[in-house]
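Student: Read off the chains here:
Number of protein chains: 2
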Amino acid sequence: MNIYSKLNSIIDKNNSMVCVGLDSAMEKIPTHLQKERYPQYAFNKALIDATADLVCAYKPNSAFYEARGEAGMKELKMTFDYIHNKYPNVLTILDAKRADIGSTNEGYAKYIFDYLGADCVTLHPYLGKEALKPFLARKNKGSIILCRTSNPGAGEFQDLIIDGEPLYLKVAGHVKKDWNRNNNCLLVVGATYPEEMKKIRSLVGDTPFLVPGIGAQGGDIEKAVTYGRDRNGKGIIINSGRNVIFASNKEDFALKARKEVEKLKDEINKYR
Amino acid sequence: MNIYSKLNSIIDKNNSMVCVGLDSAMEKIPTHLQKERYPQYAFNKALIDATADLVCAYKPNSAFYEARGEAGMKELKMTFDYIHNKYPNVLTILDAKRADIGSTNEGYAKYIFDYLGADCVTLHPYLGKEALKPFLARKNKGSIILCRTSNPGAGEFQDLIIDGEPLYLKVAGHVKKDWNRNNNCLLVVGATYPEEMKKIRSLVGDTPFLVPGIGAQGGDIEKAVTYGRDRNGKGIIINSGRNVIFASNKEDFALKARKEVEKLKDEINKYR
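Protein sequences, first through last, are from chains G and D. Counting from 1, position 97 in the first sequence corresponds to residue 97 in our numbering; the numbering is continuous, with no gaps. Counting from 1, position 196 in the second sequence corresponds to residue 196 in our numbering; the numbering is continuous, with no gaps.
With the rest of the complex left out, here is chain G:
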């Protein structure tokens, strides 16, 4: 199934463009789960069960699992397996921000798409399309290219002007015109840069955006939706991590997470 179709179907089914960022840092997980055999997995499983009817995607960030070495990698795999088995319609994104030379990317693509079974992965553009072929060639998997990142220092290189156009728009243009032959590319566009988001949307048509930066990072939801949505009022996957998953550090964490997702979903839909 094409990744855009999968995304659109779940947005329609759950009436939601919310993505929950499963950035389940071990030290922030509620104390009562710390003694579980698989604490990160137990935490994620409860969050997933509490929110699966309210989201379009889950996005674990690899860093928080790698930080624990083998144990974390195992629980990352368990998390993907759980979503795929129990909620197969929900999009899964590994936020790994990878990109190496082609022969090495083969290994990453196998791990991320085949072993973990992720639907999508986030990728750096710096090595160009040729290096990313092992990802781009996967017709039913999504390559989410970093275009305008949400961090305060994003502009250092991304704003540099080339032929009158900033680098982040060059990246968007290359993806749109040349990289997206399989209709499987998406772009990372931070909610913290609404003006830049507007320019990217006007350049790329309906290419979907993964939108980090609301919540803890301060991005504005109204602007992200108004400037980011495509012609059909879709095309944006709005991620919330810490604000949702760490809404409570007590036994009610999953319930509190659900309430945060409900609130976010409604706010997003208000501006669609």
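Careful, some of the hints might be misleading.
Intra- or inter-copy, both count: the list cannot distinguish identical chains.
[What the hints assert, rightly or not] Under the rule of at most 35 angstroms between Cα atoms (straight-line distance), these lysine-lysine pairs were calculated in the DSBU-like manner:
| id | residue 1 | residue 2 |
| --- | --- | --- |
| 1 | 259 | 199 |
| 2 | 129 | 35 |
| 3 | 177 | 270 |
| 4 | 199 | 250 |
Everything labelled a hint here was simulated from the structure, so no lab data went into it. As the structure is a computational prediction, the values presented were derived from the model and not from experiment.
The hints should help you fit chain D onto chain G, whose structure is shown.
Tutor: Using the frame of chain G, we list chain D on its own:
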């Protein structure tokens, strides 16, 4: 110990600027090791023991370990531990090509520098200095920034011209002028682009280069050394992966690897 000092000491001690790329893809490991309990580790250990007096650095690429999930991550850690315990003077580089927003990079830095204990890590520049602070702030650890990569399509973005200067030189300039306050930055400069290497060296003074791209990728050793060396005939870490570690797929693989490293070391030293 400052990372430049560690690098210079081992270059002097072993009279070598060779780095062995431990890209130990499971499926390419000699058959007789495949049935070991820890095949990637067994393979690496034999290679390390056979070459530790001839190299300045080892560089496992994370992709080839992640490809096996938890099992690979365990053997990656075992490999780092082995080098640190038995050959503490040799530089260790995790080739992971990471870069995320700052709070996420904290997790990567902890994993790579503290858990694995790597001396250096390779990093993408796209998110800028602000995001990379968790790496750059580690005074005794090396941040190796992708500047000019070795792949055929490297120029797609890296050659784009900004104020008369290509992006890869902008990256080199920012690292030199602003990122390197702790004297712990290095640059990735592919041997497959000698003219670009010459320009980078003339811009950055003595900042060391990690040089991939010789061997399987076709880079020229004479040019890499002539254009890449610093004023003291040092400053380059020339990586060879496949040509060394898969020089034989029989029981003599470590011996054959040693012969390849000897040859490479001598050829590099000829042009220093």
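Student: It remains to establish, for every hint, whether it holds in the given structure.
Tutor: Verification of the hints:
1. Taking identical chains as interchangeable, the C-alpha atoms of residue 259 and residue 199 lie at most 35 angstroms apart only when both belong to the same chain, with a minimum of 33 angstroms there against 56 angstroms between chains.
2. Taking the shortest Cα distances, residue 129 and residue 35 never come within 35 angstroms of each other, neither inside one copy (44 angstroms) nor across copies (37 angstroms).
3. Taking the shortest Cα distances, residue 177 and residue 270 sit within 35 angstroms of each other inside one copy (32 angstroms), while across copies they are farther apart (47 angstroms).
4. Taking the shortest Cα distances, residue 199 and residue 250 never come within 35 angstroms of each other, neither inside one copy (42 angstroms) nor across copies (57 angstroms).
The earlier numbered hints that this structure contradicts are 2, 4.
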